[in-house]
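Could you put the whole structure together from the sequences, leaning on the hints where they help?
Residue numbers (this note's numbering): 1 to 303.
Check before you lean on any hint, since a few could be wrong.
What follows is a set of in silico ranges between Cβ atoms, one per label pair, in the way DEER data are often shown [what the hints assert, rightly or not]:
no.	residue 1	residue 2	range
1	Lys254	Asp196	46 to 52 Å
2	Asp258	Lys32	36 to 42 Å
3	His227	Lys259	30 to 36 Å
4	Asn79	Lys254	52 to 58 Å
Okay, derived cross-link-like pairs now, BS3-like style, lysine-lysine, Cα gap no bigger than 27 Å in a straight line [to be verified]:
no.	residue 1	residue 2
5	Lys203	Lys186
6	Lys203	Lys32
7	Lys186	Lys223
8	Lys186	Lys216
9	Lys254	Lys80
These aren't lab readings, by the way, just hints derived from the structure by calculation. Just so you know, these numbers come straight off a predicted model, no measurement behind them. Beta carbons are placed, not taken as given, at the ideal position from N, Cα and C, and that holds for glycine.
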Amino acid sequence: MAKLYLICGKGGVGKTTSASAVALALANKGKKTLLLSTDFTPAIGDVMEKNIGPEFTKVGDYLTAMEIDHKAITERWTNKFGSDFHQILSRLVDIENLEKESENSLLEYISSAPSLREETMLNFIVELSENENYDKIIWDSAPAGETLNLLNMPSLLKKHLKSGTKIYDSLDKLTKFRSGRKSISKIIDEWTELSDYISRYIKENAAFILVTNPEKVVYNRTKDIYHTLIDYRMNVHGCIINKIFRNISDKTFKEQQDKALKDLYNLFYKLPVAELEHSIHNVNTRQNLEKTGQKLIKELQIM
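Laid out in structure tokens, this is it:
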């Protein structure tokens, strides 16, 4: 079974509530669990009724929570990449034999590397999964578009960095710095290797659970996300169909919901699917949240 579960889907479908319920249920079974949010408008603190920020916060004996914000990621990026980036940019300042036009072009190229901070976020989550003593990590992701951009970041960054190899090699040859400093080519190789490793780790170790609603528009977005994950060769574990209305008197509404439910079950054929009625979704007490979580981990077969 997977250690890292990524709860994803269109905005507003109930990802945070679902992720919080799953994490709480696992913790209640004695699993040391981390509930992690990378949504830059996080809400797990609201669901858990506890002040949660970018530091590890104990929610129970077996449950820890964390909300990663822009500031926390920027600080981690500075600590991880700042020294290397400074070395690269310092070469631009100190080069006397490089034409001004070439210097400006290289500066623009290096500084345009796509979303190193997003790469830092993924690296941090991988490190948590590898090095911290958690049985399960439940990752409440940002809305689908941002999450898919994150997953695409390693390959984009690698492509961007590799395309400048000749430029970096030329710059290394033009500069003669004291021994002990890494070459630009070495720094770029290390960044590229990290991107490769992050991409490979997520493909091999993360399990994706899509949260959706039985509505046509939401189904269409869920289908797009599902096929994108499959194209990335990610492990789609199952689906949570949230906000299902029972005993509907409106015939048209019922037909539309039934059609969406049928389409969702066809999409997630042979995968675990959990259903949450709209009344269950309104989890305004810890007891209801725990009850919802127990149902989810049972139907989704999360052990």
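Checked hints:
1. Lys254 / Asp196: 46 to 52 Å: Cβ of Lys254 to Cβ of Asp196: about 49 Å, so the range 46 to 52 Å holds.
2. Asp258 / Lys32: 36 to 42 Å: holds, 41 Å
3. His227 / Lys259: 30 to 36 Å: At roughly 19 Å between Cβ atoms, Lys259 and His227 fall outside 30 to 36 Å, so the hint is violated.
4. Asn79 / Lys254: 52 to 58 Å: The hint (52 to 58 Å, Cβ to Cβ) holds, given that Asn79 and Lys254 are roughly 54 Å apart.
5. Lys203 / Lys186: holds, 26 Å
6. Lys203 / Lys32: holds, 23 Å
7. Lys186 / Lys223: violated, 41 Å
8. Lys186 / Lys216: violated, 50 Å
9. Lys254 / Lys80: violated, 53 Å
The structure is inconsistent with the numbered hints 3, 7, 8 and 9, although it conforms to all the rest.
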